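Kindly produce the complete structure, drawing on both the sequences and the hints.
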Amino acid sequence: MSLEKVVFGFFVLLAATLNFGFFIGDLADPRLHNEYELFAAVVVNLIATVLKFGDRTQIGAVHLATSLVADLQLIAATLAWTWATQVSADGLNGESMAAVVSLSGGALLANIVSVVLLVIETVSFQRR
Amino acid sequence: MPGSKRWWLPGRDEQRPREARRWTRIAVAVQGPPTVFLILRRMRAPLIVLITIFAVSVLGLTLIPGRDDAGQPARMGFFDAFYFMSYTATTIGYGEIPHAFTGAQRLWVTATIYLTVIGWAYAVGSLLTLLQDRAFRQALALQRFTRTVARLREPFLLITGYGQTGRLLGRELDALGRRLVVIDTDAERVDALDIDAYRCDVPGLAGDARNPRTLEHAGLGHPYCEGVLALTDDDEVNLAVTMTAALVRPELPVIARTVSPAVEHRMAAFGSPTVINPFDRYGDHLRLALRAPASYQLMAWLESGPGAELPERSQPPRAGRWVLCGYGRFGRELTEDLQAEGLTVTAVDIRAEAGTEPWVIVGDGSEPHVMAAADLAHAVGFVAGTDNDTTNLSLVAAARHINPELFVVSRQNRPETAPLFAAMRIDSLLVPAEVVAHEIYAQLSTPLLWRFLREMPALGDEWARAMVERLQQHCGRRLPGLWRTTLDASETPALHRWLCDGQATLGDLLRHPDDRERRLGIVPLLILRDGRATLGPADDDVLRAGDQILLAGQPWEQRALLNTLTIDAVSRYVRYGHRVPSSWIWRRLTRSNR
Chain C
1 MSLEKVVFGF
11 FVLLAATLNF
21 GFFIGDLADP
31 RLHNEYELFA
41 AVVVNLIATV
51 LKFGDRTQIG
61 AVHLATSLVA
71 DLQLIAATLA
81 WTWATQVSAD
91 GLNGESMAAV
101 VSLSGGALLA
111 NIVSVVLLVI
121 ETVSFQRR
Chain P
1 MPGSKRWWLP
11 GRDEQRPREA
21 RRWTRIAVAV
31 QGPPTVFLIL
41 RRMRAPLIVL
51 ITIFAVSVLG
61 LTLIPGRDDA
71 GQPARMGFFD
81 AFYFMSYTAT
91 TIGYGEIPHA
101 FTGAQRLWVT
111 ATIYLTVIGW
121 AYAVGSLLTL
131 LQDRAFRQAL
141 ALQRFTRTVA
151 RLREPFLLIT
161 GYGQTGRLLG
171 RELDALGRRL
181 VVIDTDAERV
191 DALDIDAYRC
201 DVPGLAGDAR
211 NPRTLEHAGL
221 GHPYCEGVLA
231 LTDDDEVNLA
241 VTMTAALVRP
251 ELPVIARTVS
261 PAVEHRMAAF
271 GSPTVINPFD
281 RYGDHLRLAL
291 RAPASYQLMA
301 WLESGPGAEL
311 PERSQPPRAG
321 RWVLCGYGRF
331 GRELTEDLQA
341 EGLTVTAVDI
351 RAEAGTEPWV
361 IVGDGSEPHV
371 MAAADLAHAV
381 GFVAGTDNDT
391 TNLSLVAAAR
401 HINPELFVVS
411 RQNRPETAPL
421 FAAMRIDSLL
431 VPAEVVAHEI
441 YAQLSTPLLW
451 RFLREMPALG
461 DEWARAMVER
471 LQQHCGRRLP
481 GLWRTTLDAS
491 ETPALHRWLC
501 DGQATLGDLL
511 RHPDDRERRL
521 GIVPLLILRD
531 GRATLGPADD
541 DVLRAGDQIL
551 LAGQPWEQRA
561 LLNTLTIDAV
571 SRYVRYGHRV
581 PSSWIWRRLT
591 RSNR
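First to last, the protein sequences are chains C and P. So for the first sequence, UniProt numbering puts the first residue at 1; every next one is plus one. So for the second sequence, UniProt numbering puts the first residue at 1; every next one is plus one.
Errors might be hidden in some of the hints.
Stated by the list, open to error - Below 25 Å or equal to it, Euclidean Cα-Cα: the simulated SDA-like pairs (lysine to any residue) are:
| id | chain 1 | residue 1 | chain 2 | residue 2 |
| --- | --- | --- | --- | --- |
| 1 | C | K5 | P | T52 |
| 2 | C | K5 | P | D80 |
| 3 | C | K5 | C | G54 |
Unchecked claim - Have a look at the derived ranges for each label pair, beta carbon to beta carbon:
| id | chain 1 | residue 1 | chain 2 | residue 2 | range |
| --- | --- | --- | --- | --- | --- |
| 4 | P | S260 | C | A65 | 54 to 62 Å |
| 5 | P | I39 | C | G25 | 36 to 44 Å |
| 6 | P | R144 | C | A65 | 41 to 49 Å |
Said to hold, decoys possible - Reference listing, derived: stretches of chain C covered by chain P, where coverage requires no fewer than 3 residues with Cβ under 8 Å from a Cβ of chain P:
| id | segment |
| --- | --- |
| 7 | 46-54 |
| 8 | 82-89 |
Simulated from the structure, these hints should not be mistaken for laboratory data. Please read these numbers as outputs of a predicted model, since none were measured by experiment. C-beta: ideal position from N, C-alpha, C; glycine also.
Next up, the structure:
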């Protein structure tokens, strides 16, 4: 058992589950989407990305790419949320909430790809 | 190929135009390790720490209850918390927003300030350590080198070994405008590349030339690599370089240095490298000096490269007995050469075996009784040829003490001892590094020079004496540049029709563009026409289109001649004596007046 694998698997899965938790629920209803969950998803995703830094294997590179996509989407979601709560006169209405959640939905897709990659990596790994 | 910057090596006549102008790869990945990966890998831990600290601090701020200006409970939003942490963590700091903090908030912020400073310090520190890291800097240097070499868009020579020979040759080739790439095992020598004054940037890499990957990084597979020079002082390395070059790029000319005939033989098994053995070459030079001192003088002068001073004409004794100290590889080569010239030789060496050859005395040359046995008083020449400079110097001093009339030859192994040998006023000094450098220079500078040097000894000593005289008269005691001109449509557009008339003489061509009654201070050394070379052509020789001429002269004279060759108005004045307007309008005007 490699600690590196455990830690990485933990963060990738946690990123996906947090993101899922935030995403699930009515798209436009702010009450169903917890901002703390979004925050946690961003942080865990960032950590998962950094963990793949410097990995020069093929699958590591794809991992890094999907993580970066998830980061990008989540940061976009955060920015949309910030815009709605801080700048926009309308506040956090259904429309802006839908934008935030759908962006996080995109990130979720990337997270799922990450998890799939993780599973593939685990399955194809054979100790000789 | 007229006009192109191509060169030629004996036996490899004009093989340069390659069908495949592509990289030849030895290994799949020739790029050095991308440094960005190294940075990312090392920065993983600090970045995670930083993210965590930020996350915890921001989260804490949003959770801790605060109070607004009206005294109502108000929690900080994520945005405000992140904004606050951003300026706090970067040690900028503005104040407490959006409302003044409560005690609990201040407590938390105090803790986070210290935490974030630690995080920053750790991240920045790691980055700085990484930049100082030797492995990282090496990777960076290798990457930069590989990129510089890959970006070269001119023909370049790959030199392995930047010792005495490499440095001498590098300077001479650079003066000719050739591009170089250098590999040496010694990082200090590679660093010296930046200090040495080169006209072009010379990329250098500290690495082992025996490793094909190193050669690959240095551009062995590069389409513009025009030759490989193996000049290290290790025969084994030179052999490895020759082998690699011959296997990876069989069409590439290779020049290798060696002092061992066995290695020379092994090198010859791979393709047809030009192998230069300084001891062998020095023997040949000495034989030429014995037979024709002026020819040798001319050869030494021309081989020394741009700016070289006229060497002294030494006259080694042609009859008599020579005493030779040090009967190693050099001693044996020289003994054979001297005996071939009909001289008798007495060799002294401590490691020689007694009785094998009758002329060998076994013993230490610095001991008086050994010297006495060699009978220096009745000898004409003395050679101090050991591989130790101090021994050589003391041997020369001892020999001169016994017989001041001796012609003294000595071998100088290390560059540092040069002033000592200069002070000793040695009649003929062998510096192996210089022999190799001059030899390679003669072969690489222009193909015509090599041709000239090979055919010149046959013309005799008198001819060489006259040539030296003529060069000295026109160019002074310092040999200026040598260059080649091809008389064809691309290099000499202003002369093309004149050449076809069959009236063009060399003397007319070399008239001064400002005053045609004067002659340019340029000495024609050789004309190559249809594969036949005319050495030292006279001024009334008729030129033809397609002739290649080797000329010697000062740079300003070269520029004057270039005007004659390329500018129509100048060439008309030089040829016929009438001035022609050079601008379009003036030409129209003068034509209408006529």
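Evaluated hints:
A C-alpha spacing of about 19 Å is found between C/K5 and P/T52, which places the hinted pair at or below 25 Å, so the restraint holds. Between C/K5 and P/D80 the CA atoms are separated by roughly 36 Å; this puts the pair beyond 25 Å, and the hint is violated. The straight-line distance between the Cα atoms of C/K5 and C/G54 is roughly 15 Å, inside the 25 Å bound, and the hint therefore holds. For the pair P/S260 and C/A65, the supplied restraint of 54 to 62 Å holds, since their beta-carbon distance comes to about 56 Å.
A hinted range of 36 to 44 Å holds for the C-beta pair P/I39 and C/G25, which are about 40 Å apart. Roughly 27 Å separates the CB atoms of P/R144 and C/A65, a value that falls outside the hinted 41 to 49 Å. Here's how the segment 46-54 of chain C fares: 6 of its residues keep a CB closer than 8 Å to some CB of chain P, so the rule of at least three is met and the hint holds. With 3 residues carrying a beta carbon less than 8 Å from a beta carbon of chain P, the segment 82-89 of chain C meets the three-residue requirement, and the given coverage holds.
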